[in-house]
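Student: Spelled out, the chains give:
Protein chains: 2
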Amino acid sequence: MPREGQFVDTLTVIGVGLIGGSLAGALKERGAVGCVVGCGRSTENLEAAAQRGLIDRYTTDPIAAVAEADLVLLATPVNALIQTLPTLAKHVRPDAIITDAGSVKCEVINAARTTLGEIFERFVPGHPIAGREKSGSQAAVTDLFRDHWVVLTPLEDTDPTALALVRKMWEQVGSRVRLMDPASHDEILGMTSHLPHAVAYALVAQLGDQQRNDEYASMTAGGFLDITRVASSDPAMWRDIFLHNGETTADLIREHRKVLERLETLIREGNAEGLQEWFESAKSLRSSLENAKEHQRSNPK
Amino acid sequence: MPREGQFVDTLTVIGVGLIGGSLAGALKERGAVGCVVGCGRSTENLEAAAQRGLIDRYTTDPIAAVAEADLVLLATPVNALIQTLPTLAKHVRPDAIITDAGSVKCEVINAARTTLGEIFERFVPGHPIAGREKSGSQAAVTDLFRDHWVVLTPLEDTDPTALALVRKMWEQVGSRVRLMDPASHDEILGMTSHLPHAVAYALVAQLGDQQRNDEYASMTAGGFLDITRVASSDPAMWRDIFLHNGETTADLIREHRKVLERLETLIREGNAEGLQEWFESAKSLRSSLENAKEHQRSNPK
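Chains as they are written, first to last, in my numbering: chain P, 22 to 322; chain G, 22 to 322.
Hints are not guaranteed to be accurate.
[As the list claims (entries may be wrong)] Residues of chain P placed beyond 10 Å of chain G at every Cβ, according to the derived structure: (1) R24; (2) K111; (3) L137; (4) F141; (5) E301; (6) S309.
[Unchecked claim] Rough simulated footprint, nothing fancy, chain P against chain G, three-plus residues with beta-carbon under 8 Å: (7) 77-83; (8) 277-286.
Keep in mind that the hints were calculated from the coordinates and are not lab data.
Glycine included, each C-beta is placed from N, C-alpha and C at the ideal position.
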């Protein structure tokens with residue numbers, strides 16, 4: 022039983038990187054959890070997390086890690102997350118609750134439904150919309166989730182008690198929780214996060230193709246470094262996102278190529294009016310996004 | 022004759038926006054100029070610039086504005102800049118020096134060569150690689166150019182005295198001056214600045230096409246607002262850049278569409294290894310760019 026002020030006694034975090042480490046640290050900072058067990062492949066990373074006080078103890082063995090957990094958070098890249106599911110199915114306590122922080126929801130849910138069997142109803146799929154371009158437990162910061170959205174995508178058969186506990190966890194660290202169906206999540210995040218990352222990676226790749234990096238490198242002030250900042254994110258994480266939200270992201274990239282083709286045509290035609298309209302409308306839409314974000318910031322829940 | 026500490030007596034700035042206003046203000050702050058005359062179409066903007074102390078006096082009449090100038094800086098969007106050249110040709114003092122801050126160099130130089138006649142040798146083409154996503158004299162800040170590159174693209178027939186004076190002007194406000202041939206400038210800036218802006222505008226346009234802005238707008242935390250920040254820049258300025266660096270930017274966009282097509286193919290093939298390689302190589306190239314930039318910052322000239 023959790024003690025007073027604690028929403029859960031033992032939390033196991035599999036994948037103590039930016040997301041897992043930040044959440045564990047934030048919960049411990051608030052005394053919201055009895056004990057955090059960290060699990061991952063790299064002892065060095067786990068040791069660093071323990072030294073920073075993000076976790077209480079750690080093991081590289083997932084079976085040992087989940088044995089006593091009341092709540093298990095899967096916070097690895099999506100592929101590793103899916104590969105961990107069979108271990109969970111066999112070794113978690115029968116009343117344990119499981120949640121994840123994967124950036125893709127449909128394929129994770131499909132895999133969980135197939136693998137987890139009866140425990141599936143206590144699996145609460147989730148995705149914190151927060152991040153930095155740095156990775157590993159060294160990059161963890163305990164205010165990472167404050168005023169950020171966390172999307173939970175419960176299914177019809179998800180246990181309401183499990184959902185309530187996971188919601189409480191995220192609210193404890195200052196997040197705003199929002200429920201969404203998994204397909205909408207994957208489409209919306211595809212457009213607002215996965216596509217922009219694809220584009221940033223493509224810009225850097227194209228610059229690399231120029232074979233004149235030194236000349237170009239020193240001239241990258243004009244927004245290039247800002248625009249491509251996200252291309253410094255964890256490669257394995259992004260590989261998995263594009264693999265597991267594959268059709269959606271591939272379709273969005275195809276659509277983006279068409280949008281760019283329209284822009285290219287306006288330029289080749291020397292269509293001043295068309296370009297002006299395009300840029301004005303983009304500026305105006307972006308201002309409305311910025312205003313919506315400001316409104317959110319100044320109206321905490 | 023300029024007084025002690027002043028590199029020039031009367032400077033006329035045509036286009037008192039972010040760039041023109043920031044430069045004028047920075048020079049005045051350092052006592053590097055006797056008098057700054059501002060010129061533009063909007064009395065309101067000029068009055069605001071005068072009240073902020075960025076300029077000493079102003080007029081909306083370019084003929085009056087340039088009559089007494091020792092140095093004229095053209096700091097409007099490129100199209101307006103080219104349209105101002107005939108007035109300069111007729112009305113500047115015979116010993117006046119002219120420079121510009123246009124983001125495109127080849128077409129500006131071609132127009133200047135045709136229009137300016139004998140004065141062309143005292144025209145020093147330039148481009149400060151600095152900016153913000155806000156525009157107008159209200160957005161001007163006097164440290165805008167500190168530690169930023171300014172590219173000057175003098176021609177074979179450019180007067181060395183004129184070049185030296187313009188170089189001195191930029192160095193006074195903390196810039197690093199770099200000489201480049203105009204075609205290289207337009208290619209390099211096409212890749213490092215114009216293409217990224219095109220991509221940002223295209224991302225915003227694509228989000229706008231979704232017709233579900235409210236749902237999408239609140240989820241734009243995942244880097245979208247950062248990546249598209251530059252799409253809030255001045256539409257007229259960017260219209261002119263894509264018109265006047267048209268072939269280069271259109272070719273870069275076509276190339277970018279091909280890079281995206283390669284990425285799309287890797288995703289559709291489910292090519293984990295290919296994606297991993299792609300993202301690792303982009304992360305590594307971007308780190309080297311970031312390091313180069315840090316090296317510049319920590320080694321001021």
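Student: For which of the previously enumerated hints does the structure constitute a violation, in increasing order of number?
Tutor: Hint check: 5, 6 and 7 fail, others pass.
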